[in-house]
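Asks: For reference, the chains in residue letters:
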Amino acid sequence: MAGDATDPALTIDGRTVAFRAGASIIQARLEAGFSPDVGAGCVGHGSCGSCRAMVRRTGGREVEMVLACETDAEPGMVVSLLSLQVDDAACPRNLSVHQAVVDAAAGRLSPAAAAFDECVMCDLCTVACPEQIDPNHLGMFARRVRAGAATHPAELLVRLRDIERGSQAIDLDVVDLPADPSTAP
Amino acid sequence: MTDAVAYPEALDRWRAGRARHHEPLPHLDTATLLAQHHRDHDRDRWPTLLVGPNAGEPHPPELARLLHANSAIHDADIAGTTELSSDVLVVGGGGAGCVAALTAAESVDVIVASKLRLGDSNTVMAEGGIQAAVGPDDSLQRHYADTIRGGHDTADREMVAAMVHDGPDAIRWLMDLGMTFDREEGAAADRPLRRSRAGGTTAARVVSFGDATGLEMMRVLREAVRIHPRIRILERTPTVELLTDGNGRCVGAVLHDLERRRLVLTHAHHVILATGGAGQLRLGGSPTSNHLGATADGLALAYRVGARLTGADSFQYHPTGWAWPARVAGHLVSEAARSAGAVLVNGLGDRFVDELAARDVVTAAIARECAEGRGIERDGCIGVFLDTPTVVARDPKLLARDLHTLARLGRRNGVDPATEPVLVAPTLHYQNGGVAIDADGQTTVEGLLAAGEVTGGIHGSNRLMGNALLDVCTFGRRAGRTATRPAGPRSGGPVGIEHLRRWRRALIGAGLPLDEVAPILFALPDDPIARRAAAEPQP
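First to last, the sequence lines map onto chains A and B. Residue numbering for the first sequence follows our numbering, beginning at 1 and increasing consecutively. Residue numbering for the second sequence follows our numbering, beginning at 1001 and increasing consecutively.
Don't take each hint at face value.
[As the list claims (entries may be wrong)] Derived SDA-like pairs: lysine to any residue, alpha-carbon spacing no greater than 20 angstroms straight-line:
#1 B:1397 with A:118
#2 B:1397 with A:108
#3 B:1397 with B:1381
[Unchecked claim] Chain A residues, not near chain B, derived (Cβ > 10 angstroms throughout):
#4 11
#5 13
#6 14
#7 24
#8 41
#9 52
#10 96
#11 126
#12 127
#13 171
[To be verified] What the simulated footprint calls covered on chain A by chain B, stretch by stretch (three residues with Cβ under 8 angstroms from a Cβ of chain B suffice, anywhere in the stretch; the number is not a length):
#14 28 to 36
#15 119 to 125
#16 134 to 144
#17 148 to 154
To be clear, the hints were calculated from the coordinates, so they are not data collected in a lab. Glycine included, every Cβ here is placed at the ideal spot set by N, Cα and C.
From just these sequences and the hints, can you work out the full model?
Replies: Laid out in structure tokens, this is it:
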């Protein structure tokens, strides 16, 4: 570990490292000997966007998305650099988030909606999105538009009409209707 | 340990036995089976409630303990606290809470207070689907009759009729809200809903979205609630007590804002209790399919404010929870697998029950196989086989098309349901009863409404697959509508926790301890330190 025992320390990618007061996260990371091959580009200019990181501050519950070069290191802070492409890698379900956003932006709502079939709304893609697109919420919007605009099933509408007309009244005393063999599955 | 057939031998017997699985099953005496092998029939060993509206009735010990519990809140805790007010307060952010909030918010302002993140609930885990009599070969009467018989004729008939009547309209409401349902193949825009048959029913009536129906429903509801201008959402804010006026009418609640570590008094004309289920009580050490939040909070809150419970002693054990590996024990294999034709096979390679009989019957039958040495043992886990390979061989697209969750859990746990049977055992799944309500969602306490799994009367002593999500939608909407009606005249008495004074006197009178605290919110009931830490207000 760098520095002496009195230096403040934070945790970066699972390693607890000391840092100089006033250092940015990315400086602390580089000084601790991490390889600069990922997550470090302009180192403080704030222009390249390579040092995206998830940060949790001491005592806090919120996970923030920050640029590590623009954020001061703090004692006890826990940092994970996002070293992968964030679009689809941010999704623990491996959904095609990036393509779905492209589809939605081009007005192709149906494939955009279908891409989120297995979405669990964990919000990781929204947290990770540098464009602040909120991809999963965009996906839900596409799904809801698609479903809400779909034509209702004819038999559902027939049944609703029958209920309205009173021809589906329920007799509380009739509790034994044997299965109709012609409709068995 | 109970005798059981070792896994490798059971696999051989399963392979050898497949050819005879189409043969008729021996007759089953279901009454005797249920009496001997279903936990609901242990009543003579349960404690009797000593206080409250259901005093004198036996309940499972884990639940009785919560119903006998004290509140963590005292007058000093709520003096000078932050206050909020709204027309309606919804306690719980799962399926029923969100449905109720959206319905009430059509005309009044709503606060939703959720212990966890909005939507983190049993609803989101529901796999099978939602029942509604929409098919031309089906009718409201048939759905009604199936539900009454499925509940062994112990359900409230008016309540069942109300739920069944609302079914088709609930489906339309969900579609209009943007929920996707599986439809039949074809080009027609109005092509029918895909329907499957639930155990214990006489028509194909379950509509679904793959085996993630609850997920699809919950994420649509959550999204709709999030962007609704008349709904305020408080997350990580469990309700720890209800507020009453001088007449015992419920007029709000004491919330615990865990983020800011403070209590918040919330005043409302109507409170809708939608706290969900109780699976995490893990009755008798049972595994559970339930969300971590299912700790019966609403039952404890409602009971000590004077709301009567009905059927709260009755629980559903889903027949097919994963039994192996242990780390997923209790999680569901959807009934959709049995609907698609997968059979249950014991350690001798034999079928032993009609897989689409009512859930309690199938559960008791599995329990009997295991108790009598015909179960299958793998790494200390005991269950029976769900024969997925045979049904996948018949319909190779089944897993990819309808059983995503089974396929995913299989992948994560080194089980390929296409080639090997899944070891399953019953898992605590659903509380059949709960807080008594009428068809408007009104409890026996004025001002207090309830909806969803926390309620009782609708499913009798056994719930059919697909009737939980329907219950959530139907009574969520009914309670939401009721909550928009003008509240009755207030007594003018002071708003507070006067009911707790009476409750504590009753506990003392019955010789019950005052240091048992509920709701437990997060901790398991056998973890008193964590329980108190969660329930007590922080300085």
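Asks: Next step is simple, just say for each hint if it's right about the structure.
Replies: So, going through the hints one by one against the coordinates:
| no. | hint | result |
| --- | --- | --- |
| 1 | B:1397 with A:118 | holds, 17 angstroms |
| 2 | B:1397 with A:108 | violated, 27 angstroms |
| 3 | B:1397 with B:1381 | violated, 30 angstroms |
| 4 | 11 | holds, 23 angstroms |
| 5 | 13 | holds, 25 angstroms |
| 6 | 14 | holds, 23 angstroms |
| 7 | 24 | holds, 28 angstroms |
| 8 | 41 | holds, 34 angstroms |
| 9 | 52 | holds, 24 angstroms |
| 10 | 96 | holds, 16 angstroms |
| 11 | 126 | holds, 12 angstroms |
| 12 | 127 | holds, 14 angstroms |
| 13 | 171 | violated, 7 angstroms |
| 14 | 28 to 36 | violated (count 0) |
| 15 | 119 to 125 | holds (count 3) |
| 16 | 134 to 144 | holds (count 5) |
| 17 | 148 to 154 | holds (count 6) |
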